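Protein chains: 2
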Amino acid sequence: MRSPAVSGRLFVVGLGPGDPDWLTPEAARALAQATDLVGYASYLDRVPVRAGQTRHASDNRVEIERARHALALAISGRVVAVVSGGDPGIFAMAAALFEAVDKGEPAWRDLTIEVLPGISAMQAAAARAGAPLGHDFCAISLSDNLKPWTLIEKRLRAAAEGDFVIALYNPASNARPDRIRDAFALLAKHKSGDTSVILARAVGRSDERLEITTLAKADQSRVDMATLVLIGSSATRLIPRTKGRPWVYTPRGAS
Amino acid sequence: MRSPAVSGRLFVVGLGPGDPDWLTPEAARALAQATDLVGYASYLDRVPVRAGQTRHASDNRVEIERARHALALAISGRVVAVVSGGDPGIFAMAAALFEAVDKGEPAWRDLTIEVLPGISAMQAAAARAGAPLGHDFCAISLSDNLKPWTLIEKRLRAAAEGDFVIALYNPASNARPDRIRDAFALLAKHKSGDTSVILARAVGRSDERLEITTLAKADQSRVDMATLVLIGSSATRLIPRTKGRPWVYTPRGAS
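Taken in sequence, the protein lines are chains A and B. Here the first sequence is numbered in my numbering, starting from 1 and rising by one per residue. Here the second sequence is numbered in my numbering, starting from 1001 and rising by one per residue.
Accuracy of the hints is not assured; some may be wrong.
What the hints assert, rightly or not - With a straight-line cut-off of 27 Å between C-alpha atoms, the simulated DSS-like cross-links for lysine-lysine are:
#1 B/K1217 x B/K1154
#2 B/K1189 x A/K154
#3 A/K189 x B/K1147
#4 A/K154 x B/K1147
#5 B/K1154 x A/K154
#6 B/K1103 x A/K243
#7 B/K1154 x A/K189
#8 B/K1217 x B/K1189
#9 A/K189 x A/K154
#10 A/K147 x B/K1154
#11 A/K103 x B/K1243
#12 A/K189 x A/K217
#13 A/K147 x A/K103
Keep in mind the hints are simulated off the structure, nothing from the lab. Note that the coordinates shown come from a computational prediction; the quantities given were computed from them, not determined experimentally.
If we strip away everything but chain A, and leave its shape as in the complex, we get:
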């Protein structure tokens, strides 16, 4: 048995996109083992309540403060699970945690920190649609909270020039609902209007919705904070079906 008083243990736990069926056994065990859970309130709400475990809920915008709080708890001898949606390593809490370590107390570098991967939103979206990520792809966050929009534009252009499949995270926010419109407009200069676009909202949750459209027809009003946007390469194909949604896939070759 591991003592709950062992010093310096911190897990960064990926919950996946929402469906508990996608939670790995490793992640489930860390959640059960922790003395303290730290995270955005809506992620904590997904974790079953356990007697003797302390919950530290915070607002979504304060990742670095949340990370510092978790590190301080761990250095005091607690077993801390920082909960993250999706995969903590992909546009989620792991980068913030290591930023906090990098800029924080030297003693934090002696902690045992384990990142526990999870299913990320692009994987869940792709699985529902078919195999759109079946070949080379890029993942880009459209959030301009921490990086200039000019860098986002540069990456969108590079992704289009490389003819990658593109997964767009954080395509909209209440503060900036129009960035997905700007991204669609930029990509439309480089890619065919017929390019397949998948709008995957809340995959794995009760309000899941998947729409398959094209770059020319993609409607920014259908994209919100809970939407993951996948944009095909020139090779991405649709398989029409008599019943149900077409499948979307990107062949493994260049054809």
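Add chain B to chain A, keeping to what the hints say.
Coordinates of chain B only, in the frame set by chain A:
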């Protein structure tokens, strides 16, 4: 109870990188439910044997034939699990399966096909190293079995120009051990020699090995078929530690 004689059910199951602790409950249930398992022999070996279940092992190079076999079994009324390493949607079996549907019997389009996502090699590698995929990234397969090397070069250049973190899949094979050397040489023209490089071999398996180096020093002889290569962006940073390996992370911002 679902009858095993129900027609037309096929799962494409992601086993993750090798550690059963990363197998999702959804994937485990599909493996238990299937009447037939289809896959590359070394992936099938990871699945516990179950009475009454038929195993169809094949060589790794014949993805399309394997997919056609699985589809024929499903249309005959079997419940088929096509097993795949990592995430079937990322450089794995799902694209081959939908290619086979696209070019195959019209009746195959009426099948129920479910892709069950898994942890992909880049996620496992990133989790072990820290948070190198913490910001915009590309995933590129260096396999030139099905696409020309000129397309791979174009994508490597675009990924470098966009200053993405880069995950390289299939960096070597027995037939072509030198492609990772050529990729390093191409990237070295566009990126600093100090750029962090992670060579992650067999993460989650007993022979796991992680090396952190730089683009200038990266040694192609340390890269084999079981290695996932991660190459940082200009923002990727190392956190030195007095004990143990440094952590590698890419900050969420442009800094």
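Checked hints:
1. With a C-alpha separation of about 23 Å, the suggested pair B/K1217 and B/K1154 falls inside the 27 Å cut-off, and the hint holds.
2. With a C-alpha separation of about 19 Å, the suggested pairing of B/K1189 with A/K154 holds against the 27 Å cut-off.
3. Simply put, A/K189 and B/K1147 have alpha-carbon atoms about 25 Å apart, close enough for the 27 Å limit, and the pair holds.
4. Note on A/K154 and B/K1147: the hinted pairing holds, with a Cα-Cα distance of about 26 Å set against a maximum of 27 Å.
5. The hinted pair formed by B/K1154 and A/K154 meets the criterion: a straight-line CA distance of about 16 Å does not exceed 27 Å.
6. Using a Cα cut-off of 27 Å, the hinted pair B/K1103 and A/K243 holds, with the two alpha carbons roughly 18 Å apart.
7. Annotation: proposed proximity of B/K1154 to A/K189 holds, straight-line Cα distance about 19 Å (limit 27 Å).
8. At most 27 Å may separate the alpha-carbon atoms for a hinted pair to count; B/K1217 and B/K1189 meet this at roughly 14 Å.
9. As the CA atoms of A/K189 and A/K154 are separated by approximately 13 Å, the hinted pair is consistent with the 27 Å bound.
10. Pair hint A/K147 plus B/K1154 holds up; C-alpha atoms about 26 Å apart against a cutoff of 27 Å.
11. Only pairs whose Cα atoms come within 27 Å are accepted, and A/K103 paired with B/K1243 is accepted, the gap being roughly 18 Å.
12. Between A/K189 and A/K217 the CA atoms are separated by roughly 14 Å; this keeps the pair inside 27 Å, and the hint holds.
13. Proximity of A/K147 to A/K103 is assessed by CA-CA distance (about 19 Å); at most 27 Å being required, the pair is judged to hold.
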